[in-house]
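Novice: The primary structure of each chain is shown beneath.
There are 2 protein chains.
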Amino acid sequence: MRPKIYIFGDSITEESFGDGGWGASLAHHFSRTVDVVLRGYSGYNTRWALKVLDKAFPAADGGDAPLAITVFFGANDACLPDRCSAFQHVPLHEYRQNLHSIISIFKKQWPKTQILLISPPPIDEDARLKFPYVENTMGMAERTNEAAGAYAKACVSVAAECGIPAIDLWTKMQHYPGWKNACLSDGLHLAHTGNKIVFEEVIMKLREVGLSLESLPVDLPLIGDIDPSNPLKSFEN
Amino acid sequence: MRPKIYIFGDSITEESFGDGGWGASLAHHFSRTVDVVLRGYSGYNTRWALKVLDKAFPAADGGDAPLAITVFFGANDACLPDRCSAFQHVPLHEYRQNLHSIISIFKKQWPKTQILLISPPPIDEDARLKFPYVENTMGMAERTNEAAGAYAKACVSVAAECGIPAIDLWTKMQHYPGWKNACLSDGLHLAHTGNKIVFEEVIMKLREVGLSLESLPVDLPLIGDIDPSNPLKSFEN
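If you're matching them up, the sequences are chains A and B in order. Counting in the working numbering, the first sequence runs without a single skipped number right up to 263 at its last residue. Counting in the working numbering, the second sequence runs without a single skipped number right up to 263 at its last residue.
Since the hints were derived computationally from the structure, they do not count as laboratory data. There's no promise every hint is true.
When chains are identical, the list treats them as one kind, so a pair holds in a single copy or across two.
Pairs of lysine-lysine, DSS-like flavour, derived with a Cα cap of 27 Å [said to hold, decoys possible]:
(1) Lys81 / Lys138
(2) Lys259 / Lys77
(3) Lys206 / Lys134
(4) Lys259 / Lys81
(5) Lys133 / Lys206
(6) Lys231 / Lys259
(7) Lys259 / Lys206
Kindly produce the complete structure, drawing on both the sequences and the hints.
Specialist: What follows is the structure, encoded as structure tokens:
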């Protein structure tokens, strides 16, 4: 039975099977080895994620433990508490605590599963004013890059405290020249290069914990391994 | 627990999570309702598909029956028996019989699962000579459009005999102006428009058997349904 990798997060995960999306790229990369399973919930913060964890990941799922889970929250937690998306805001100390809780629930359910935290991306505040998700009469962006940075830093430090890997997307993306347009489509969600960065970082971190195309078994014969003079031999036993 | 749709087939299925691929589009479309699970095996014909069916779809998978399975074979069965890819060829009568066997195995395992046959696409023979998969010293394409058409016709008639839906991709694609370049990338595999056609046809056929975004339940609250003045209310019970 083919093993699974879950990708768990907010809209940046939910939309990751769109054109050029990092989730689809991951599924394509592991097309003969792993089922990449989408658990993305647009608008969710870590507080709501905790509320749905038992439904999104039923303990009685019957299957084996997944190989890995990416946990990619913070972009909504980091909405400012006094701006138009305040209902999604989660205070920084609670965000930290919620990530700890999510990790410990997963670790209890599946002790051998690799958990990979992904920080929120940087924010382009001008673009956030140009592409509002809800009515914004204040003339100020509902998210700032500074706030996203604080949540990203917290995410990375929670990972370190738990001894698990993290991707500091906030820092990584800002190293990319012209990141606001190359990496982001509306100041928050991912454009082509942003998706490529997430995909490549996830692949690299998975490789570092032993999960790669070289190490994972292909469950059924590859066409290149089938003997043209006796194809059915590959399908014996 | 979120229901599944399996997509089962050859390389045209295996590669369907690449950029703009029909499998990724399907997963994106159903991102909050269905897990789209990839079971694509490059180079496989129906004879080999039958050999691996019990491993690709373990009866003891623990999960519920999938909502649907797409069965998309024939492009390799239709390789000509006297050309360079002869080892993949399956005679037309056996192709028919193998499709019947695959359908009856699925129907026995999961009586309520919707099975959807997809015919092989048309072939652009010039492109097949330009982009060989194996050494081709004969100067003749290993697949012809005429042969693909015969297998497509057989696929559609098997579906009718079994009372299940089918997509006649061979006919459908040839109605598209400039189909050789618009629909195909190398005379066989799908280019952007080809992927779009498969995605739209699959969505339409699923809708006809009652599987659509309107009829399938979303398993967790959508952001648009969450009350900003009391978000946690949506997560009670």
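Novice: With reference to the structure, classify each hint as holding or not holding.
Specialist: Comparing the hints with the structure gives:
1. Lys81 / Lys138: both (21 Å within a copy, 24 Å between copies)
2. Lys259 / Lys77: between (51 Å within a copy, 11 Å between copies)
3. Lys206 / Lys134: neither (39 Å within a copy, 53 Å between copies)
4. Lys259 / Lys81: between (44 Å within a copy, 16 Å between copies)
5. Lys133 / Lys206: Close neither inside one copy (36 Å) nor across copies (51 Å); limit 27 Å.
6. Lys231 / Lys259: Neither way: lysine 231 and lysine 259 sit 37 Å apart in one copy and 37 Å across, limit 27 Å.
7. Lys259 / Lys206: neither (54 Å within a copy, 36 Å between copies)
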